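J.: Going by our numbering, the first residue of the sequence shown is number 1, and it counts up by one from there.
Calculated directly from the structure, the hints in this document are not laboratory data.
All figures in this text were calculated on a predicted structure; none of them were measured in a lab.
We put the beta carbon where it would ideally sit given N, CA and C, even for glycine.
Be careful, since some hints might not be right.
FRET-style restraints, in silico, Cβ to Cβ [claimed, not checked]:
no., residue 1, residue 2, range
1, K102, L21, 17 to 23 Å
2, S66, L21, 16 to 22 Å
3, S117, S45, 18 to 24 Å
4, T157, H109, 37 to 43 Å
5, P181, G48, 15 to 21 Å
6, Y78, G48, 15 to 21 Å
7, A30, P128, 25 to 31 Å
8, A30, K102, 30 to 36 Å
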Amino acid sequence: MPFQSLLFSREPGWRENRPGLRHRLPENVASWIYEAGSLTRRLRSYYGSAVKVEVVYQRWLTPFLSERKLLGQAEHRYCMTREVMLHANGMPLILARTIMPKQTIRSAHRNLSRLGSRPLGEVIFSYPDIERLDLQVTALSPSAWSPKAVELGAIRTPVWGRRTVYAIMHQPLLVNEFFMPGALAI
1 MPFQSLLFSR EPGWRENRPG LRHRLPENVA SWIYEAGSLT RRLRSYYGSA VKVEVVYQRW
61 LTPFLSERKL LGQAEHRYCM TREVMLHANG MPLILARTIM PKQTIRSAHR NLSRLGSRPL
121 GEVIFSYPDI ERLDLQVTAL SPSAWSPKAV ELGAIRTPVW GRRTVYAIMH QPLLVNEFFM
181 PGALAI
């Protein structure tokens, strides 16, 4: 099996965002899962300029099967895969994985492939025609994470996350975000 992620030991399982799901989630989790704006902006409103992005891994990879299906990608098609940790003063806040098909990067005039330590939200929410197409939810046990992610995120208990399919200029982008205790506390 080809290498697909530095964060996960296996492909995560996801649940569809069905009516009523929001009311079954803990309130602090639901407020992050259903946040419509930039998570970085929300974190910075609390932690200020201490919020930083650390790029954990960025390469052209074959996405997981469910990711390929959501993005409409062929089996052997490579996508830019970016895995990051957002933290404040070293405290893990969010672990994220973004899957960017080549045509999406082209449509975005390559702004997405040159992010460096810049938050993805600063770029994608600057596009006036960004659309949210799909939202899914999960709670991942520590065993679903790679040893590197367990260390980075200090993961000891299940971690809530969401994955969102966005369209930028009618091209898909998949963003997976996992909320560490430091984020859920605010």
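J.: If a hint holds in the structure, say so; if it doesn't, say that too.
T.: To see whether the hints hold, each was checked on the structure:
The hinted range of 17 to 23 Å is not satisfied by K102 and L21, whose Cβ atoms lie roughly 33 Å apart. The beta-carbon spacing between S66 and L21, approximately 18 Å, falls within the hinted interval of 16 to 22 Å. For the hinted restraint 18 to 24 Å between S117 and S45, the CB-CB distance of approximately 20 Å keeps it satisfied. Look at T157 against H109: about 41 Å separates their beta carbons, and that is inside 37 to 43 Å.
Checked against the hint of 15 to 21 Å, the C-beta distance between P181 and G48 comes to roughly 19 Å, which is consistent with it. Against the hinted window of 15 to 21 Å, the Cβ-Cβ separation of Y78 and G48 comes to about 37 Å, which falls outside the hint. For A30 and P128, the Cβ-Cβ distance of about 28 Å falls inside the hinted range of 25 to 31 Å, so the restraint holds. For the pair A30 and K102, the beta carbons lie near 34 Å from each other, so the given range of 30 to 36 Å is met.
Violation of the numbered hints given earlier is confined to hints 1 and 6; the remaining hints are satisfied by the structure.
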